[in-house]
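Enquirer: One rule links them: number in the numbering used here = place in the sequence shown (from 1) + 7.
Worth flagging that the hints you see were computed from the coordinates, not collected in a lab.
Source: prediction; values computed, not measured.
Take the hints with a grain of salt, since some may be wrong.
Under the rule of at most 27 angstroms between Cα atoms (straight-line distance), these lysine-lysine pairs were calculated in the DSSO-like manner [what the hints assert, rightly or not]:
(1) K158 x K40
(2) K171 x K158
(3) K169 x K158
(4) K174 x K40
(5) K174 x K158
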Amino acid sequence: MATPSETSIANAALTLLGERRINSLEESSKSAKILKERFDEVRDEVLRSYPWNFATVRVQVAADAVAPAWGFAYAYTLPSDCLRLLEIENLSKYPYRIEGRKIITDHASPLNVEYTSRVTDPQQMDVMFRQAFAAALGADVAEAITGTTSKVEELHAIRDAKMKASKTPDGQEHAPRQIESSGWLDAREESGFVRRTPTGSGTPL
Numbered sequence: 008m009a010t011p012s013e014t015s016i017a018n019a020a021l022t023l024l025g026e027r028r029i030n031s032l033e034e035s036s037k038s039a040k041i042l043k044e045r046f047d048e049v050r051d052e053v054l055r056s057y058p059w060n061f062a063t064v065r066v067q068v069a070a071d072a073v074a075p076a077w078g079f080a081y082a083y084t085l086p087s088d089c090l091r092l093l094e095i096e097n098l099s100k101y102p103y104r105i106e107g108r109k110i111i112t113d114h115a116s117p118l119n120v121e122y123t124s125r126v127t128d129p130q131q132m133d134v135m136f137r138q139a140f141a142a143a144l145g146a147d148v149a150e151a152i153t154g155t156t157s158k159v160e161e162l163h164a165i166r167d168a169k170m171k172a173s174k175t176p177d178g179q180e181h182a183p184r185q186i187e188s189s190g191w192l193d194a195r196e197e198s199g200f201v202r203r204t205p206t207g208s209g210t211p212l
């Protein structure tokens, strides 16, 4: 079985579009240039859209030297690879807000946070994620590569099906989690794929 790579994900997107495969994202073909330009942004969008187990990280964050000017006692800079904040320990005792790349709260240092990390190595990505990513990437570049939008809705449907299919295996690897959805999955809340919390936990960045 071939080792997953950025090129294999890009080729999966091209296959869904009915287009010729590429040898590398670095080649000079039209398809490679378009896919390379959109690859990172679409990857991050799909990562942010669901609390994937493979991309979940827990860390302790130290308070910044400079506190907020008013309203809260402490500011914490989010890790550079953080795409979406999932949880803060003792959330019920210490409300917080996200402002830019900062968490502001009255919780004293250190702050225990759980977040979705920017995973860039395809070999570290869950297979369901790679399939959903390929479909999302194909939908994103469909018009630019094919000159038509005829495949877009079909690929959106494939992406959504892959996201829903990931719920069972991903969910079996941890206790039930309540979390807000984000991005284009908001419209699919009624499917039961995600559940919202009234406030706090899962606040998207």
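Enquirer: All the hints need checking, so say for each whether the structure fits it.
Expert: Hints versus structure:
no. : hint        : result
1   : K158 x K40  : 20 angstroms, holds
2   : K171 x K158 : 20 angstroms, holds
3   : K169 x K158 : 17 angstroms, holds
4   : K174 x K40  : 33 angstroms, violated
5   : K174 x K158 : 25 angstroms, holds
In summary, the one numbered hint that this structure violates is 4.
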